[in-house]
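In order, the protein sequences belong to chains H and F. Each number in the numbering used here comes from the position in the first sequence (counting from 1) with 308 added on. Each number in the numbering used here comes from the position in the second sequence (counting from 1) with 771 added on.
Simulated from the structure, these hints should not be mistaken for lab results. Keep in mind that the hints are not guaranteed to be accurate.
[As the list claims (entries may be wrong)] Among chain F residues calculated to face chain H with C-beta under 10 Å, some are:
{"no.": "1", "residue": "ASP807"}
{"no.": "2", "residue": "LEU809"}
{"no.": "3", "residue": "GLY814"}
{"no.": "4", "residue": "ALA819"}
{"no.": "5", "residue": "ALA830"}
{"no.": "6", "residue": "ALA832"}
{"no.": "7", "residue": "ARG835"}
{"no.": "8", "residue": "ALA838"}
{"no.": "9", "residue": "ASP841"}
{"no.": "10", "residue": "GLU843"}
{"no.": "11", "residue": "ARG848"}
{"no.": "12", "residue": "ASP860"}
{"no.": "13", "residue": "ARG862"}
{"no.": "14", "residue": "ALA863"}
Here a beta-carbon is modelled for each residue, glycine too, at the ideal position from N, C-alpha and C.
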Amino acid sequence: MSGGVPALLDRWQPERLATAATRTRMIHAHVESVRADLAATVGATLLSLAAWSGMAATRCRTALDERSAVLRAVAVRLTELAVLLDQAAIQLTERVARARSAQARVADAESGLQGATRLLTPLAWAWVQQQHETDLRTQLTELQVTDRRLGGELEASARAARALRREHDAELMRADSGAVAGRWSQGDPIAASPPGVDAQDTADWWAALTPGERARLGSGPLAARLGRIDGLPAQVRDRANRLALAARLRSYDAVRAGPLERTAHAVDLLVDTELHRLAALAGGLPVLLLLDDPSRWSGKGRVAIAVGDPDVAANVAYLVPGLDDRAITSLRIDNDHAMAVARSAAAASATAGSGTAVVAWLGYDTPTLRTVTSSAPADHGAELLAEAVSGLLASRGSGNPHLTVVGHSYGSTTAALATVRAPGSVDDLVLVGSPGAAVEQAVNLPVPAGHVWVGSSDDDLVTRLAWFGPDPAGAQFGAQRFPAEVTAPGSGVFDAHGHYFDDAGQSLSEIGRIVAGAGTGVPSIPGR
Amino acid sequence: MAQPQPTTAFTVQGSSLDRAAAAARSLAVRLDAAADELAVAAGPLLAAAVASATTDAAADAAMRWRALLDDEARQVRALAGSLAAAAADYRATDATAASRLAGPGQA
Numbered sequence: 309m310s311g312g313v314p315a316l317l318d319r320w321q322p323e324r325l326a327t328a329a330t331r332t333r334m335i336h337a338h339v340e341s342v343r344a345d346l347a348a349t350v351g352a353t354l355l356s357l358a359a360w361s362g363m364a365a366t367r368c369r370t371a372l373d374e375r376s377a378v379l380r381a382v383a384v385r386l387t388e389l390a391v392l393l394d395q396a397a398i399q400l401t402e403r404v405a406r407a408r409s410a411q412a413r414v415a416d417a418e419s420g421l422q423g424a425t426r427l428l429t430p431l432a433w434a435w436v437q438q439q440h441e442t443d444l445r446t447q448l449t450e451l452q453v454t455d456r457r458l459g460g461e462l463e464a465s466a467r468a469a470r471a472l473r474r475e476h477d478a479e480l481m482r483a484d485s486g487a488v489a490g491r492w493s494q495g496d497p498i499a500a501s502p503p504g505v506d507a508q509d510t511a512d513w514w515a516a517l518t519p520g521e522r523a524r525l526g527s528g529p530l531a532a533r534l535g536r537i538d539g540l541p542a543q544v545r546d547r548a549n550r551l552a553l554a555a556r557l558r559s560y561d562a563v564r565a566g567p568l569e570r571t572a573h574a575v576d577l578l579v580d581t582e583l584h585r586l587a588a589l590a591g592g593l594p595v596l597l598l599l600d601d602p603s604r605w606s607g608k609g610r611v612a613i614a615v616g617d618p619d620v621a622a623n624v625a626y627l628v629p630g631l632d633d634r635a636i637t638s639l640r641i642d643n644d645h646a647m648a649v650a651r652s653a654a655a656a657s658a659t660a661g662s663g664t665a666v667v668a669w670l671g672y673d674t675p676t677l678r679t680v681t682s683s684a685p686a687d688h689g690a691e692l693l694a695e696a697v698s699g700l701l702a703s704r705g706s707g708n709p710h711l712t713v714v715g716h717s718y719g720s721t722t723a724a725l726a727t728v729r730a731p732g733s734v735d736d737l738v739l740v741g742s743p744g745a746a747v748e749q750a751v752n753l754p755v756p757a758g759h760v761w762v763g764s765s766d767d768d769l770v771t772r773l774a775w776f777g778p779d780p781a782g783a784q785f786g787a788q789r790f791p792a793e794v795t796a797p798g799s800g801v802f803d804a805h806g807h808y809f810d811d812a813g814q815s816l817s818e819i820g821r822i823v824a825g826a827g828t829g830v831p832s833i834p835g836r
Numbered sequence: 772m773a774q775p776q777p778t779t780a781f782t783v784q785g786s787s788l789d790r791a792a793a794a795a796r797s798l799a800v801r802l803d804a805a806a807d808e809l810a811v812a813a814g815p816l817l818a819a820a821v822a823s824a825t826t827d828a829a830a831d832a833a834m835r836w837r838a839l840l841d842d843e844a845r846q847v848r849a850l851a852g853s854l855a856a857a858a859a860d861y862r863a864t865d866a867t868a869a870s871r872l873a874g875p876g877q878a
């Protein structure tokens, strides 16, 4: 019976459980320190403002108390999980050792090498063999029992997380966005000298790795993380994201999946389909998956796909979407826009070939109808977009591309704020269908003079809202306004907002010119 | 006419709230990082499990905890938004009061 046992025993890796326990403790420490700092900063401020009263004050104080309570509960549960994993690691180590020992005895008995047993009669010999095999079977059964127990405990832990989350569902409806910070594990020998959150550090670190180290990172447990770290080359991110996507698609279990997993799986399927569709449409240009986190923001998804190669293109553009742009409903539309702009830029470009890369950047937690008048999602989105832009420039080194950011609708507010966060990075800023750029005038945005562009249809009601500052198409704002009327049959007052990237509209060709670095040819029309 | 001068108490309170909002935003980023760590922690867990049921349980637990921390980051960010809004209210009140103080009959 011992033939398949060595392979079976090799599958148990108790040391991995110990690593997982260590990492869980690190997460616990993060959560605890956030809770302590929340009390020390926000809590202390609210205490010092004892006279502050009214609804806003009550809401803030209640929110602070709730956050503190939830973080405490999370920290306690994570500690329990870490202890559980440690215990499982100890038990498994012991049981694997016993099983190996039993297996060795069986092997010895089978080969008849033990001196004492040579003297036994055949009947006694068979009995000894049977005893050793029974012992080995017992040890393997014990191992399986331990494995099942661990599975049960992990299920309980997942239930605890779910319960904690359910308690706060109502508040989550009001909540703002989340963020990704590129943090690295301390345990990995390569990542022991990890990049910080600064994109330039990341780019420098990557440049210093040997090809072997890069390959190891690209195929190891950290591979999935490479896909979303700003400062790494687009090709590296694409490879990592595709590997992770394929792995998720392979391992998906429809029977066991909960709602979040099902939503994330639907996004995975869509991303996979889109990569194939775009490759067929791109006319030889590479299609790169720069971001792919399907479960981010409760299943809204965080995805960015480039048509063209941002690592080498002379012109790179980021398209930033707006209201309620979630992967499952909007990814295809966003990609169509990117493809249209890439084609338009290619037509406008003096140099043929792969001169332009256009990124459909669904990289932030876009607002819902309930939060669309708040600038908080734009603020946070701008932070992430600025990191993406800085990351691109850092990874390109000295060969910086001509960089354009095109924001549509609420995305124009996000795009404008991003230029402020990454001053000097953006060469051209294009605002289409904009409800405001969060500044009073174009000169307040840190892009070269005359390079803030506005496309605003007179039939687009959103551009009259002025939710985030004055209308960028207004004469006082001082941007370059280009023709952007919708000429598609059937378009009207209520749908002009969604047609700026239409082939039949006036604006697409101008956006293409700007992206191609040929803005001098863009016709100018008077502001409102 | 005299220039409007801010009323000190409101300005100080607004600044305090702004600082608290900035601190909360920074804490939200740290929670995001903790959520990301869970994705990494899941790797060894999945590798250690033998039975597919245990592998599934490990993946599910990691995903649930990550989603929870993700949501907590949102909540803390929402708190930051509320604090910033309150700070803006203070400044608006401040400006109104200052204008009145500097208005006709007050200069």
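Results of checking the hints against the structure:
no.: 1; hint: ASP807; verdict: 6 Å, holds
no.: 2; hint: LEU809; verdict: 6 Å, holds
no.: 3; hint: GLY814; verdict: 4 Å, holds
no.: 4; hint: ALA819; verdict: 4 Å, holds
no.: 5; hint: ALA830; verdict: 8 Å, holds
no.: 6; hint: ALA832; verdict: 4 Å, holds
no.: 7; hint: ARG835; verdict: 4 Å, holds
no.: 8; hint: ALA838; verdict: 6 Å, holds
no.: 9; hint: ASP841; verdict: 5 Å, holds
no.: 10; hint: GLU843; verdict: 6 Å, holds
no.: 11; hint: ARG848; verdict: 4 Å, holds
no.: 12; hint: ASP860; verdict: 7 Å, holds
no.: 13; hint: ARG862; verdict: 14 Å, violated
no.: 14; hint: ALA863; verdict: 13 Å, violated
In the structure shown, a violation is registered for the earlier hints numbered 13 and 14, in ascending order.
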